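Chemist: Residue numbers (the numbering used here), protein chains in the order written: chain A, 1 to 161; chain B, 162 to 316.
Mixed in with the good hints, there may be bad ones.
To give a feel for the contact side, a few chain A residues facing chain B, derived at Cβ under 7 Å [claimed, not checked]: (1) Pro5; (2) Ser52; (3) Gly92; (4) Leu149.
Here are the simulated lysine-lysine pairs, DSSO-like style, with alpha carbons at most 27 Å apart [what the hints assert, rightly or not]: (5) B:Lys181 x B:Lys206; (6) A:Lys98 x B:Lys206; (7) A:Lys152 x B:Lys206.
Hints are computed from structural coordinates only; laboratory data are not their basis.
For clarity, every value in this text was computed on a predicted model and none was experimentally measured.
By construction, the Cβ of each residue, glycine as well, lies at the ideal position given by its N, Cα and C atoms.
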Amino acid sequence: MADNPTQKIILRFLDMTGKKGRSEFWITTNTSADPLAGSYYSTVLAAIQPLSTATIFAALSETTEHVVVSTPVSSTWDSRDKLVMQFQDSMGRYRLYKAPNPKTTCFVSPALQTMSTAAGVALSLTAALSSNMVDRVGGAFTFIRGYRLRSKRLRPGSKRY
Amino acid sequence: MAASNLYSVNTIDANGTEAKFRVPVAGTIFSPSAAGPLAIKTALKNAINSAVVGGELSTAATVASYTPAATGYFTVQDRLVLTFPGEDGSTQNYRIPAPVDGIFEAGSDSIVDVGNALIVTYSGAMGANAKTEANITLEDISSGLRTGTKLEKGR
Chain A
1 MADNPTQKII LRFLDMTGKK GRSEFWITTN TSADPLAGSY YSTVLAAIQP
51 LSTATIFAAL SETTEHVVVS TPVSSTWDSR DKLVMQFQDS MGRYRLYKAP
101 NPKTTCFVSP ALQTMSTAAG VALSLTAALS SNMVDRVGGA FTFIRGYRLR
151 SKRLRPGSKR Y
Chain B
162 MAASNLYSVN TIDANGTEAK FRVPVAGTIF SPSAAGPLAI KTALKNAINS
212 AVVGGELSTA ATVASYTPAA TGYFTVQDRL VLTFPGEDGS TQNYRIPAPV
262 DGIFEAGSDS IVDVGNALIV TYSGAMGANA KTEANITLED ISSGLRTGTK
312 LEKGR
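Modelling step: build the complete structure from the supplied sequences, incorporating the hints.
Modeler: See the structure below:
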């Protein structure tokens with residue numbers, strides 16, 4: 001998948017009552033540099049702040065890929081079922097990452113509750129995560145264990161698990 | 162630049178239910194199709210029954226801020242809606258919360274004076290730097306209005 005031609009910049013505002021608001025705009029995608037460190041961003045930021053009495057306290061950027069429509073595989077499990085992978089970051093803190101709608105081959109049969117550590121798709125996923133995830137101080141993650149979990153009901157109004 | 166950025170993979174199952182898989186990746190990665198995110202996405206696709214329908218790479222930064230003022234329209238429920246035409250003829254609306262006073266036409270507290278110096282500066286900055294979502298250059302601001310909105314919780 002290729003990146004979309006524009007990146008979204010989101011400016012977060014805080015007013016004097018403590019309420020938060022936002023303003024968004026788009027810039028041309030440049031995937032070789034931090035979009036929040038470029039002149040495209042800073043020039044617009046400098047022009048927006050004088051128009052608001054609220055302070056801009058944070059900025060986010062979002063770079064998205066072209067959406068590809070493919071057909072999901074039907075199974076007895078769905079997005080509520082998760083392969084939960086527990087990792088430990090470089091500061092010793094535990095983090096959980098949840099892959100939705102996992103294949104049954106990710107788990108040890110017949111109970112299908114514990115992640116299989118035999119060579120296979122689950123082990124490949126944890127290896128890819130261990131190799132590419134970086135914690136907030138730039139350190140690596142270590143895989144600890146994996147198990148299955150089914151999420152609770154969706155919150156009212158939400159369509160996403 | 163943060164030490165890590167957030168990579169999200171969007172998935173959808175056979176029932177049409179969406180789910181996201183979010184992991185932190187190196188702060189030097191700015192593209193969801195870079196090698197690291199691609200390796201994660203490929204491994205995830207192989208391990209799940211849902212379809213992977215795209216991904217996002219998010220970065221974050223703090224901004225040197227000042228104390229919010231109790232002047233003008235000082236709550237974020239008040240917003241400017243500023244309209245720009247794109248060079249392709251499209252209409253683009255941009256919102257700025259809690260607008261200052263003194264940028265409106267004489268006798269009005271809601272219709273933006275597009276000749277105001279602050280608005281002209283903003284319009285120039287947007288025209289030179291911002292794009293439409295389809296990556297089309299913006300023309301000069303055409304109109305602006307102050308409007309009120311219902312505050313969204315948790316924002």
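Chemist: If a hint holds in the structure, say so; if it doesn't, say that too.
Modeler: Status of each hint after checking the structure:
no.: 1; hint: Pro5; verdict: 4 Å, holds
no.: 2; hint: Ser52; verdict: 5 Å, holds
no.: 3; hint: Gly92; verdict: 16 Å, violated
no.: 4; hint: Leu149; verdict: 13 Å, violated
no.: 5; hint: B:Lys181 x B:Lys206; verdict: 13 Å, holds
no.: 6; hint: A:Lys98 x B:Lys206; verdict: 13 Å, holds
no.: 7; hint: A:Lys152 x B:Lys206; verdict: 24 Å, holds
Going down the numbered hints, you'll see the structure goes against 3, 4, while the others check out.
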